[in-house]
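Got chain Y sorted already, so can you dock chains E and S onto it with the hints?
Residue numbers (the numbering used here), protein chains in the order written: chain Y, 1 to 253; chain E, 1 to 251; chain S, 1 to 250.
These aren't lab readings, by the way, just hints derived from the structure by calculation. Just so you know, these numbers come straight off a predicted model, no measurement behind them. Don't take each hint at face value.
To be verified - Partial list, derived from the structure: chain S residues whose beta carbon lies under 7 angstroms from chain E:
#1 98
#2 106
#3 149
Unchecked claim - Calculated lysine to aspartate or glutamate pairs in the DMTMM-like style (CA-CA distance at most 20 angstroms, straight line):
#4 141(E) x 175(Y)
#5 86(S) x 188(E)
#6 54(Y) x 185(Y)
#7 141(E) x 185(Y)
#8 5(Y) x 4(E)
#9 242(Y) x 96(E)
#10 141(S) x 223(E)
#11 111(S) x 185(E)
#12 191(S) x 135(Y)
#13 191(S) x 188(E)
#14 111(S) x 223(E)
#15 3(E) x 10(Y)
#16 86(S) x 41(S)
#17 141(E) x 248(Y)
#18 54(Y) x 227(Y)
#19 25(S) x 4(E)
#20 54(Y) x 40(Y)
Said to hold, decoys possible - Derived list of chain S stretches under chain Y, where covered just means 3 residues or more per stretch with a C-beta under 8 angstroms from a C-beta of chain Y:
#21 131-142
#22 180-186
Where a beta carbon is used, it is the ideal one built from N, C-alpha and C, also for glycine.
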Amino acid sequence: MADKKRYTDEEMIARVWDIENIKTLINKRVYYICNDRRSEEIADLWVKDPENKKTAAFGRNWGWYVGMDEIRRYYVDSHIERLRTQQRENGAPDINFGNLYAHPASTGLVRLADDGDTAKGMWYSIAQETIALTDGTADARWMLERIAVDFIRENDNWKIWHLMIAADLNCEAGEDYSEQPVYIDWDNDPVKREFGKPTVECLVHDPTFNWWDDYPFMPMPYATFTDDLSYGPEGFKPNPNKGLAAGEGRNYK
Amino acid sequence: MSKEQLSLSRRIENAAASQEVENVKAMHTYYHGRSDATSEWSQIWSRSDDCSWAHAFGRMRGFDQVWYGSVTSYDIMAMQNYIDVVDKYPEVGGKDPRPLSEASVHTLVTDVVEVAEDGQSARASFITPGVIHSVLTGMEKKYCNVLWERYGSDFVLEDGEWKYLHEHVCPDILTRLDALNWAADDYERLTNPDRGAAPPPTLGAPPVSDPGPMHKPYSTLQEVQNTVPWPEPYKTLDNGNTYTPFVRDKQ
Amino acid sequence: MTSYTHPTYSTEQLVERWESQREIKNLMGKYANCVILNREDELFDAFWAGGENDVCLVFNDGYYKGAEAVRSYYMAERERNALVSKLLRDRFPEQLGGKNDDEIYGIGPFKVNPMACPVIEIAGDNASAKGLWYCQGAYNKVEECGPLAHWTWGFFAVDFINKDGAWRILHLQQVNDVDSICGMSWGRPQKIPSPLPEFMALADFRYPAYTESVTIREQYNPRRPFTGAPRIPEPYETFSETFSYGIEEV
Chain Y
1 MADKKRYTDE EMIARVWDIE NIKTLINKRV YYICNDRRSE EIADLWVKDP
51 ENKKTAAFGR NWGWYVGMDE IRRYYVDSHI ERLRTQQREN GAPDINFGNL
101 YAHPASTGLV RLADDGDTAK GMWYSIAQET IALTDGTADA RWMLERIAVD
151 FIRENDNWKI WHLMIAADLN CEAGEDYSEQ PVYIDWDNDP VKREFGKPTV
201 ECLVHDPTFN WWDDYPFMPM PYATFTDDLS YGPEGFKPNP NKGLAAGEGR
251 NYK
Chain E
1 MSKEQLSLSR RIENAAASQE VENVKAMHTY YHGRSDATSE WSQIWSRSDD
51 CSWAHAFGRM RGFDQVWYGS VTSYDIMAMQ NYIDVVDKYP EVGGKDPRPL
101 SEASVHTLVT DVVEVAEDGQ SARASFITPG VIHSVLTGME KKYCNVLWER
151 YGSDFVLEDG EWKYLHEHVC PDILTRLDAL NWAADDYERL TNPDRGAAPP
201 PTLGAPPVSD PGPMHKPYST LQEVQNTVPW PEPYKTLDNG NTYTPFVRDK
251 Q
Chain S
1 MTSYTHPTYS TEQLVERWES QREIKNLMGK YANCVILNRE DELFDAFWAG
51 GENDVCLVFN DGYYKGAEAV RSYYMAERER NALVSKLLRD RFPEQLGGKN
101 DDEIYGIGPF KVNPMACPVI EIAGDNASAK GLWYCQGAYN KVEECGPLAH
151 WTWGFFAVDF INKDGAWRIL HLQQVNDVDS ICGMSWGRPQ KIPSPLPEFM
201 ALADFRYPAY TESVTIREQY NPRRPFTGAP RIPEPYETFS ETFSYGIEEV
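Bound conformation, chain Y alone (with noise of 0.2 angstroms):
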């Protein structure tokens, strides 16, 4: 843990604004998500200095995408062309006809670093979406999950620079979630089919174990930002005693 470094008052009520204004920015981001303004998100929210651009980074259980290029790519280019897919064979007259998104942000534990440049942040969001089907009717899904997120002051404004978003369940509304199978189907899970191939390939959160894995690991106190604390790629560190995958071992009998 950092050592408790000592403010005077101006200091200090200017961090207290910084957290809040993090706060803010990450439920902003939460009603961006309702609206499905995935572009605006990207042109308000998330960082706009070149240099951050490059690293950039939006991850999922199972790696990143990164640079602003590579995530508009997945997080907003491929989004429409699935839209427009559900379009065409919903016969529906707009996009996102009959869908709704929700992906309410809880539990905020922010650090803003020492030096002030930098923050990190973690939420926990137990959120739906519901897709509109062929048939009338809808898939309602209530998705469970764990954000965290590194952010960097611009021009004195706080921007999303890497963030992380880490399954832990999903479940369709109505049904019994214990009724799943145990060990859960990757090929065929709707959130890792939606992410696609990242940029960096590596299974970040398996949620068989719950969260044994420890990632993302919670924020603490800091004074400066280095790469082994980050959200993206670079701060990640497979734990070296990490035993057996979901389903092996079963060869000793």
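Frame of chain Y, contents of chains E and S only:
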């Protein structure tokens, strides 16, 4: 005293304190999500004799009793669970049994936070719409229980660090994702004796100083419970402003 | 590196504005707790701006405008809570038969509105504020079919005014996308259980008529055009310069 009568420095420190205790509370959530009771009670709790932790079953008082109930007993349950699980799933061998027991995620929203005028304590209430899930179980069935509770939390400043002093957990809604109806099911239990009793709100009941029940989960015939009233602005932590009455004069 | 000199506000103003947003979060937390405790009848006097102001309470299918209309809605909620408790006493005389109306008040309904994701803007003149919350809620109001739990997914969008140094609600929108029976999908048709004779009296209960019945927000269904969140608060100097979460009567 209104806040405007406090010094500007005090008001700024109290603003920072309000954020600090929210972080302490969130650290509880993320440690508990890994069933890492050791880190939670080692790092974010006061070791005072005044500390307390209460749930439906009653209230533990003093750090030794809190540690026994919240760490020792909790770890025992995790180890017992592990023995059941490893029998079915050999891949858990070598892994820490505690996070394998379950991910108990008590999310935090609806915060009402007050920092004392003297800056030495803070009080907060929350609604926690939470989930408790696990994949590899001895029953060979994964589960995701939904547990909505209310929290009343007191914090104290010790050597420049904000620490938990009192926690009072009030379970309200216990159900399962997403096949049950917690209200209709309860009515069914009331009107159909064959349905049996509702599940307990906790896995165990450790030794306590103040016996329960201190709060009961929602049921159709349950009277209104305001077990953890929201905190009001206050001067100092005392028996008029606390989630655990002090049993002796506070020095 | 942090700039410690704010371009607009003095250090004292920054403190005051931070305290304002904290008080507003506290206010909405207290509002949610009052609803859990079935104390809706206290909400208007405790948290609203009062009769001299243009108060407005908005739901998906209409709104109440003016102090009398808003207060009458909350009082009706109390009346309904009381009616549910009496019906339960009639149904369970062994458990509740010896208790009077005051003692049983509140038994039955349980309504939770968790307030999350606040985006709060305090006006530059500090006289008003706006806030938007996401609310994934749950409730059981007890219906003609008896106790029945619902999940909700929706929003609280609120205008506040600073009245004599205290923040008060001026306009409040409580609008849901989803109001779905727990254990059923909101993406499919839902079957409401059959009425029970012990709760039939609830069929005659009526809330006060809205000032205007109008679709403010269509509830989600798979044929609903895509509907985003209420407008996110934006920085503003004084309330007349920004939009309102209240409804202007036609």
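For each hint, the structure was consulted:
| no. | hint | in the structure |
| --- | --- | --- |
| 1 | 98 | violated (13 angstroms) |
| 2 | 106 | holds (4 angstroms) |
| 3 | 149 | holds (4 angstroms) |
| 4 | 141(E) x 175(Y) | holds (14 angstroms) |
| 5 | 86(S) x 188(E) | holds (19 angstroms) |
| 6 | 54(Y) x 185(Y) | violated (33 angstroms) |
| 7 | 141(E) x 185(Y) | holds (15 angstroms) |
| 8 | 5(Y) x 4(E) | violated (27 angstroms) |
| 9 | 242(Y) x 96(E) | holds (11 angstroms) |
| 10 | 141(S) x 223(E) | holds (14 angstroms) |
| 11 | 111(S) x 185(E) | holds (17 angstroms) |
| 12 | 191(S) x 135(Y) | holds (18 angstroms) |
| 13 | 191(S) x 188(E) | holds (17 angstroms) |
| 14 | 111(S) x 223(E) | holds (14 angstroms) |
| 15 | 3(E) x 10(Y) | holds (18 angstroms) |
| 16 | 86(S) x 41(S) | holds (18 angstroms) |
| 17 | 141(E) x 248(Y) | holds (18 angstroms) |
| 18 | 54(Y) x 227(Y) | holds (14 angstroms) |
| 19 | 25(S) x 4(E) | holds (19 angstroms) |
| 20 | 54(Y) x 40(Y) | holds (19 angstroms) |
| 21 | 131-142 | holds (count 3) |
| 22 | 180-186 | holds (count 5) |
Going through the hint list in order, the structure does not satisfy hints 1, 6, 8.
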